[in-house]
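S.K.: Sequence:
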Amino acid sequence: MFISSDYKYIRRKLLRAMLFSVFILLIELIFASNTINAQNNITNEYIFSIPPVYEDEVKENFITLYVIALKETNVTVEVPSQYMNKQKATANETLVFQIDASFGQVAKWDRETKVNPPNLSNIYKNQAIRVTADNPILCYVICQYYWTSDGFLAFPIHQLNNEYIISSYPDMGSLYGHYFPSEFTVVGTEDNTDVEITIGNNIATLVNFQDSIYYADDKIKIKLDKGDVCLIMSGGKLNEYPDLSGSKVKANKPISVVSGNVCANIPLEKPTCDYIVTMELPVSVWQKEYLVPPITFRKLSQLVRVYAKEDSTIIYKNFKPVDTIYANENRNFIEMRLNGLSSPIPAVISSNNPIYVNFLYSSWTDDSSSYGDPFTMPILPYSMFNKSVTFSTPQKISINSFDSNYVNIVYKSKNENLLENFEVKFINERREEIIFEKTELQIISSGEFLSSNDSEKYFYFTMKLPKLGQYTISSDEIFACYLFGFSDFASYGIPTFPLYAFASKTDILPPIMTADFECDGSVINGKIKDLPEYGNERSNLHSVVFFENESKNVNFSYSPFQPGLSSETYWKLNVENILDDANALIKVTDCAGNYEVFNFKYYGINGLELTPLRNNICVAYEGVDTLIFELYNPKDTTFPLKLSVFPNDGMLKIISDNEIELAPKSKTKILFETKYVEKKDFYLIVEKCSLQDTIWLPVNYQTNHYPIDVLLKSNKAEYSIGDTLNLALALSPLTETDNFKNITQLNLKFDLYSIFLDFNKENFITVPSNDIVIKDKNFHYNSDSSKLFFDITLSINVGLDALNYFDELTICNLQFLLILPSVNKLDNNLEINPKYREIVLTPEITTNYSPCAGFYPKTNQIKVLPLCAEHLRFINISAFPFELNMENMQVNYSLGIDCFAEVKIYNYIGEVVHNLLANYSKAGEYTVDIEKKQLASGIYFCELSVPGLFRKVIAFHII
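Residue numbering for the sequence shown follows the numbering used here, starting at 95 and increasing by one per position.
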């Protein structure tokens, strides 16, 4: 959270007005790593695992690594105890490593395993693929299997992070009666890595992990050592298309995450399938705007999936809103075509929150094209654009080779200059650089992106690569480059890697963090800067990682920067609750792999212990007494404090030192002189840096308020909305001489101001007073008990929005104000103090009721049942799938209570194609007919809902 200077000023004024104090800030810089020398630079190390590829047993199936070195270096590729290959590369050479599928995958998926639900989800100890080198390298991975293929750009360890969201694709096995799972792998890069996986997407998805079943929104918690592989594969009902997309992966240390699908139809109903795989971008690099270039030799526009981490994320296509992602509903992505069923166009995908865009290349049957099968690849945020990229096309190493290879270039320019500002180099067989003439390069298509700012224009062009081999493309302006290619029945797509890892001299200094710190813990003038400050050795900033799980009570942010190009950026931090301790753990890394971890610690005044050694008033009226309190500092920091007392009316004052310095783990005694006054609250004011906070002084004075008992008169166990609650309040005499019997009129007012509701014993909310109505009230005197009784009748009118999705609610506490008249003379001239009196429903005497302090049996609680509390239920949708000769279909459903219900049919991209029902219905079972001829072949979703309360969805397929 950013803190403006105006906000700080206002907050300080409020703090002073409310007598808030300051506490102390202690900044510790904990250097988790010293400078990393060139021989052990982690830029040169990769670790990952391939999710299983659909295999054909009789053909050659290889995981092929293309390792590019611009300097002479030794490279080792290893799967411990299974595979090792060491090669030496000369400058400008691409090394090729072929790993047999039996070594490179932790599990196999083939013609035999696909007929049963997946049970391969497990931890595979020390079976990750590892790539290491003496000098920086690039690593591209292509799964070149006979029938299927895809690839990804591998990220070195120093580019990894600890939080990801999975971008996979649904199991389309219902079309074939076999399983083709959605899947991903998680690999530990350090020992003792704690990982939490939250299963995402639809209710049909389940995971059989180590013989335990996990469903959508369930959490799998594991521990990985370096090189351990956790494989997760989807199971569930095929006809509901299980999908792990949207699953969340968090760890306390960096991890490697690769996702995919054994063989995916894109879109679901369009064969033929192909293996898809992506090395996920960590959430920390997500941005708010992406430029998606088209592949124009397809007839229909391409599909994308857009993922969000935050709730209420609005998605824009070419600056017009198209959808909103509600991440708290456990479906944190949308799928859409960039131009509907029309021809491909360039598109700008943007949002109000950071998002992740995954490009989906469709099956050739989608538009009867002759160009390959599906692949996926991440679209790069603008912050990852660069001035140079280096890559290698897949080479002819088996029968499955890629003869047609292309690049899509997205660039910023004042005009569509195509290749004018680009240089394309090729490395031939003799390791010689060849620079292509512009006339030798074939441009397939080009165009301009829509822009919201005329001063910033972006363009794209698609270029066919003339040869197989290694390329370097560079420009004066930054750009993004996407490499893709096709064979007869396979394809691949990969974003290319920037050139910044290959500096002419070695950067051996890590970045630094500097800032000025204010007493409230906020940071001003925060800067992150890579070193050295001068010279060409500096590799520039690569990443800033905020370890959210290891930090607490802080908001941290930094300004976006371009990795490899920016030498510095700015950062901000503020403490959320300035009374509590806080810390922030931040890791900053440069492009050479040097890093530092900074731990910023802040100490608030909460936790200081103030204990009365004697705090009872022991003097007569108008006398004085001395109170003694002990102030203890249990923290590991010094607290220099200035003390005073509030209210400063002379009734209580400090007679010991007003300024103290509490050392760590130290105590001091504070002496107060007090005069006898009627009950009031006193506070010790603790002051530091012109800010104040207060500690309550628990001084025991006598009270002259009347004790009040609260009774529940009704013995009902359950209440509905609009029902009444009958309560009785008893005002007890304070002394034996009190007499209420002669009161004939008393102008009392009850203001009921809140009800605390317990939803399913999980969450408390407060219903505002305007939803609670006092219907009746009166008072009477009971001569037997000498108490004055008040009867109240309440009506609870809770709106549907308050009930939301909970099945029942329980009233745990009633709070209200009893306002007595300003002056009322009783028989003995005793005055009722004209103050507000707050009573909480924790009765000393109960009738068929137990107060809800903790959770009690349902029969002793007041319950209010919301509308439509019964579950909505689909009985069936027939037939499934529909037979070709069926003319009509039926949707059967049931309602548990009278309510307004809707039934809608959606197509596979989320568009409403039919509104079948929208009216108020009685409880019962219903059937809605729809003619089949109104729906084309494909996948559809039927939604039954009570708007604002419930929603049930079921998928079906028409052939």
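Think of the hints as simulated: they come from the structure by calculation, not from any bench.
Wrong hints could be hidden among the right ones.
[As the list claims (entries may be wrong)] When the alpha-carbon atoms are kept at most 20 Å apart in a straight line, the in silico PhoX-like pairs for lysine-lysine are as follows:
1. K315 x K364
2. K508 x K519
3. K347 x K331
4. K344 x K313
5. K490 x K532
6. K490 x K506
7. K763 x K736
8. K313 x K165
9. K558 x K646
10. K666 x K621
11. K623 x K561
12. K729 x K681
13. K646 x K623
14. K364 x K320
15. K532 x K411
16. K382 x K219
17. K342 x K317
18. K382 x K414
[Stated by the list, open to error] Label pairs and their in silico Cβ distance ranges:
19. L435 x L1011: 25 to 33 Å
20. V1047 x K393: 52 to 60 Å
21. P758 x T705: 28 to 36 Å
Just so it is clear, the structure is predicted and the values come from calculations on it, not from any experiment.
The beta carbon of each residue, even a glycine, is placed where N, CA and C say it ideally should be.
S.K.: Against this structure, judge whether each hint is valid.
M.R.: Outcome of the hint check:
no.	hint	verdict
1	K315 x K364	violated (36 Å)
2	K508 x K519	violated (24 Å)
3	K347 x K331	violated (34 Å)
4	K344 x K313	holds (11 Å)
5	K490 x K532	violated (26 Å)
6	K490 x K506	violated (34 Å)
7	K763 x K736	holds (14 Å)
8	K313 x K165	violated (45 Å)
9	K558 x K646	violated (51 Å)
10	K666 x K621	holds (9 Å)
11	K623 x K561	violated (41 Å)
12	K729 x K681	violated (26 Å)
13	K646 x K623	violated (25 Å)
14	K364 x K320	violated (40 Å)
15	K532 x K411	violated (33 Å)
16	K382 x K219	violated (38 Å)
17	K342 x K317	holds (16 Å)
18	K382 x K414	holds (14 Å)
19	L435 x L1011: 25 to 33 Å	holds (28 Å)
20	V1047 x K393: 52 to 60 Å	violated (31 Å)
21	P758 x T705: 28 to 36 Å	violated (18 Å)
The structure fails to meet hints 1, 2, 3, 5, 6, 8, 9, 11, 12, 13, 14, 15, 16, 20 and 21 from the earlier list, while all remaining hints are met.
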